[in-house]
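Visitor: What follows is the residue order along each chain.
There are 2 protein chains.
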Amino acid sequence: MPEVYETRRARLRERCNASGSASALISRPANVRYLTGGAPHGAVLLLGRTEDLLVYGATLDTPADEPRADGGLRVHALPSPGGDPAVAAADLAAAQGAESLAVEEHHLTVGRHRAIGSVAPGLRLADVGGAVEQLRVIKDQEEISCLRIGAEIADQALGELLESILVGRTERHLALELERRLVDHGADGPALRTSVGTGPHSGRRGHRPTDRRVEEGDFLSVCLGATYRGYRCEIGRTFVIGTSPADWQIELYDLVFASQRAGREALVPGAAYRDVDHAARQVLDSAGYTEGLPESTGHGVGLEIDEEPQLAPAAMGKLDACVPVTVEPGVHLPGRGGVRIDDTLVVRPEADGGPELLTITTKELLAL
Amino acid sequence: MPEVYETRRARLRERCNASGSASALISRPANVRYLTGGAPHGAVLLLGRTEDLLVYGATLDTPADEPRADGGLRVHALPSPGGDPAVAAADLAAAQGAESLAVEEHHLTVGRHRAIGSVAPGLRLADVGGAVEQLRVIKDQEEISCLRIGAEIADQALGELLESILVGRTERHLALELERRLVDHGADGPALRTSVGTGPHSGRRGHRPTDRRVEEGDFLSVCLGATYRGYRCEIGRTFVIGTSPADWQIELYDLVFASQRAGREALVPGAAYRDVDHAARQVLDSAGYTEGLPESTGHGVGLEIDEEPQLAPAAMGKLDACVPVTVEPGVHLPGRGGVRIDDTLVVRPEADGGPELLTITTKELLAL
Numbered sequence: 001m002p003e004v005y006e007t008r009r010a011r012l013r014e015r016c017n018a019s020g021s022a023s024a025l026i027s028r029p030a031n032v033r034y035l036t037g038g039a040p041h042g043a044v045l046l047l048g049r050t051e052d053l054l055v056y057g058a059t060l061d062t063p064a065d066e067p068r069a070d071g072g073l074r075v076h077a078l079p080s081p082g083g084d085p086a087v088a089a090a091d092l093a094a095a096q097g098a099e100s101l102a103v104e105e106h107h108l109t110v111g112r113h114r115a116i117g118s119v120a121p122g123l124r125l126a127d128v129g130g131a132v133e134q135l136r137v138i139k140d141q142e143e144i145s146c147l148r149i150g151a152e153i154a155d156q157a158l159g160e161l162l163e164s165i166l167v168g169r170t171e172r173h174l175a176l177e178l179e180r181r182l183v184d185h186g187a188d189g190p191a192l193r194t195s196v197g198t199g200p201h202s203g204r205r206g207h208r209p210t211d212r213r214v215e216e217g218d219f220l221s222v223c224l225g226a227t228y229r230g231y232r233c234e235i236g237r238t239f240v241i242g243t244s245p246a247d248w249q250i251e252l253y254d255l256v257f258a259s260q261r262a263g264r265e266a267l268v269p270g271a272a273y274r275d276v277d278h279a280a281r282q283v284l285d286s287a288g289y290t291e292g293l294p295e296s297t298g299h300g301v302g303l304e305i306d307e308e309p310q311l312a313p314a315a316m317g318k319l320d321a322c323v324p325v326t327v328e329p330g331v332h333l334p335g336r337g338g339v340r341i342d343d344t345l346v347v348r349p350e351a352d353g354g355p356e357l358l359t360i361t362t363k364e365l366l367a368l
Numbered sequence: 001m002p003e004v005y006e007t008r009r010a011r012l013r014e015r016c017n018a019s020g021s022a023s024a025l026i027s028r029p030a031n032v033r034y035l036t037g038g039a040p041h042g043a044v045l046l047l048g049r050t051e052d053l054l055v056y057g058a059t060l061d062t063p064a065d066e067p068r069a070d071g072g073l074r075v076h077a078l079p080s081p082g083g084d085p086a087v088a089a090a091d092l093a094a095a096q097g098a099e100s101l102a103v104e105e106h107h108l109t110v111g112r113h114r115a116i117g118s119v120a121p122g123l124r125l126a127d128v129g130g131a132v133e134q135l136r137v138i139k140d141q142e143e144i145s146c147l148r149i150g151a152e153i154a155d156q157a158l159g160e161l162l163e164s165i166l167v168g169r170t171e172r173h174l175a176l177e178l179e180r181r182l183v184d185h186g187a188d189g190p191a192l193r194t195s196v197g198t199g200p201h202s203g204r205r206g207h208r209p210t211d212r213r214v215e216e217g218d219f220l221s222v223c224l225g226a227t228y229r230g231y232r233c234e235i236g237r238t239f240v241i242g243t244s245p246a247d248w249q250i251e252l253y254d255l256v257f258a259s260q261r262a263g264r265e266a267l268v269p270g271a272a273y274r275d276v277d278h279a280a281r282q283v284l285d286s287a288g289y290t291e292g293l294p295e296s297t298g299h300g301v302g303l304e305i306d307e308e309p310q311l312a313p314a315a316m317g318k319l320d321a322c323v324p325v326t327v328e329p330g331v332h333l334p335g336r337g338g339v340r341i342d343d344t345l346v347v348r349p350e351a352d353g354g355p356e357l358l359t360i361t362t363k364e365l366l367a368l
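Protein chains in written order, with the UniProt record's numbering: chain A, 1 to 368; chain B, 1 to 368.
This is chain A alone, in the form it adopts within the complex:
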């Protein structure tokens, strides 16, 4: 569907025109992919005055996913290796007669920006800011269906792991096993560094798997995700190992579960990002967990695993329908471990049944 990308570029062009730049240079990889449907490593997009160009260095090693030139997008491969596509694109913009070029100052390095300035000294460089990131927030049906399939794959991989014997295996091995299963079920690859935390490591966000082995009585926290056609989602669950959880484990689990549910229920179109965060956070706060809480309750997902919006205390903005986000509160007690529960959901109007849960693995406290 090349027209999808053309439409996206047209929307970006409107924004650029509104802020006074007829041309824009997009270099951030996820943004280039969003606007072109896929491009070789290092490719940049010139949203030009007269035509749009996908510019990249022609190398033997250009990955197999060939750029799909569509209506209005021409592909320009640099003849010699080693050149910077961003610099070449600026040169082409100048050749098209552009007077100003909006670049992604949050992505371009100072060095590349300077090189662009030297090659096209007549071009006034402006900042396109997070314009493409903003366009990416609301997803279309196709994007959501990629996320839905990714979530299904992650659910399957996790479900299979739960049927296997866990005691005695290391965090590292469980993480590798999960990643293998993701690929088995059709993922492009993991959406994030798979996190497996046992015992005192459980409940830590982003915990890197170690050689610690699963023991009876442990909490076991797992966070994984699948990438499907470039779209990334995530799921996190916490289990208890052995037949009967301790009282403190049940209490802590129930608390985090209540917090996560409050966060999920706050996902309605029009809700302020910070209010979703507050809904989940105040459950933990009021139980006395005021310190050591994560910075945010969740975040957007899409072509990147952590993108706009941020569901955090200081975040500005309001949710729209068709925005996929995670809701992932957690509590970690140093030395003891903790609980983290993480879902990917799509915001939907109440009339449509409220938030659509993509990751459907049970959130009961399973004793494995």
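I should point out that these hints are in silico values taken from the structure, not numbers from a laboratory.
Any given hint could be a false lead.
A few chain B residues facing chain A, derived, Cβ under 7 Å [as the list claims (entries may be wrong)]:
#1 Val-4
#2 Glu-105
#3 His-106
#4 Thr-109
#5 Val-110
#6 His-113
#7 Gly-117
#8 Arg-172
#9 Leu-176
#10 Val-183
#11 Arg-348
Examples of chain B residues lying across from chain A (beta carbon under 8 Å, computed) [as the list claims (entries may be wrong)]:
#12 Gly-82
#13 His-107
#14 Leu-108
#15 Gly-111
#16 Arg-180
Think of the CB as a built atom: it goes at the ideal place given N, C-alpha and C, for glycine as much as any other residue.
Use these hints to put chain B onto chain A, whose structure you have.
Guide: Same frame as chain A, now just chain B:
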């Protein structure tokens, strides 16, 4: 050995002083690690006028590898989340009375550079260039022994794969299997995206594994590497599947082998980078493979899998002893496949026996 990091910082300080900046801000992760021994995600190093500071955002999610403060390095965790450690470090530099601050313009984005300029308007911002990358080129004994262990791990993982049945398995599965074995043998993780190419995909540098299955008569190219204590090495081999290679396969293999040997033999202290490239390249050239050759014959390895020096036609500079590099020529025939042979070696004087081969898996053409 905190004194190692102190010595490295002292060498960088000399360079900065020589170019007129008493203070430097190092933000590129591998450079920060090189100068401090390890730091949380996003940490920056301020090489200060009065003291050195490792600055990072204090978050719950700070990874487990704690920064090791050593003599002369103080750790400064930002109290609130969301701040940019680079901006905070510039502020601290100004507070130390610095007049100018050298930053890594090839790493800092324009946006962060601007933010630094606003928070410390009195500070003259200079460019430290690739100073730390240059320091990293020659490795010490400790670094080389990490690479040696990594190479041993990669050899083991590859050796085990060769003992298993390959026909009928997909590139994707073989790649995952290799990565699991790397971790089994003690790697921190893969050093690069493991590449497995069969049949028409064989011999392509950086080929991303697909669902193509290994068939009788295929060439099978594999490139993998282990990260050990942060240090990354790689090995690449090509095999033939079935009992007897075809004549074209033997010829092509012998040619690439001769090219790779010529490259390895050119690794002597004092040799120009481009001459090493030329040595390997001219073997392929003179056999008529002038087009479609890779841009470079090899590259340095260390804390990054692709670092200085580049062994390429236009590269400037000469090899020193104790520089680890890859030698990895290859030929890929579109539609038919090809051969790639890749070793990691350390440059050594002839008196010490010449280049030290770290990846010792046989380079005979194995029929599997």
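Visitor: So, B:Arg-172 near chain A? Judge it on the closest CB pair being under 7 Å.
Guide: 6 Å, holds
Visitor: Given B:Gly-82 as an interface hint, is the shortest Cβ-Cβ distance to chain A below 8 Å?
Guide: Constraint on B:Gly-82 satisfied, holds at 7 Å.
Visitor: B:Val-110 was flagged as interface toward chain A. Is the shortest Cβ-Cβ separation under 7 Å?
Guide: Given a least distance of 4 Å, the restraint on B:Val-110 holds.
Visitor: Grab the minimum C-beta distance from B:Arg-348 to chain A and call the hint holds if it beats 7 Å, violated otherwise.
Guide: 29 Å, violated
Visitor: Close enough to count: is the Cβ of B:Val-4 nearer than 7 Å to one in chain A?
Guide: Where the cut-off is 7 Å and the nearest Cβ of chain A is about 24 Å from B:Val-4, the hint is violated.
Visitor: Minimum Cβ distance from B:Glu-105 to chain A below 7 Å?
Guide: Cβ of B:Glu-105 sits 4 Å from chain A, so the hint holds.
Visitor: Holds or violated: is there a CB of chain A closer than 8 Å to the CB of B:Leu-108?
Guide: 5 Å, holds
Visitor: Checking hints one by one. Is B:Arg-180 an interface residue toward chain A, by the C-beta closer than 8 Å rule?
Guide: 5 Å, holds
Visitor: A closest beta-carbon separation below 8 Å is what the hint needs, so does B:His-107 meet it against chain A?
Guide: 6 Å, holds
Visitor: Could you check if B:Val-183 really has its C-beta closer than 7 Å to a C-beta on chain A?
Guide: For B:Val-183, the interface hint holds, since the closest Cβ of chain A sits about 6 Å away, which is under 7 Å.
Visitor: Let's test the interface hint: is any C-beta of chain A closer than 7 Å to that of B:Thr-109?
Guide: 6 Å, holds
Visitor: Using Cβ atoms only, decide whether B:His-106 comes closer than 7 Å to chain A, and label the hint accordingly.
Guide: It holds, given that the least Cβ distance between B:His-106 and chain A is near 4 Å, below 7 Å.
Checked against the numbered hints given earlier, this structure breaks hints 1, 7, 11; the rest are met.
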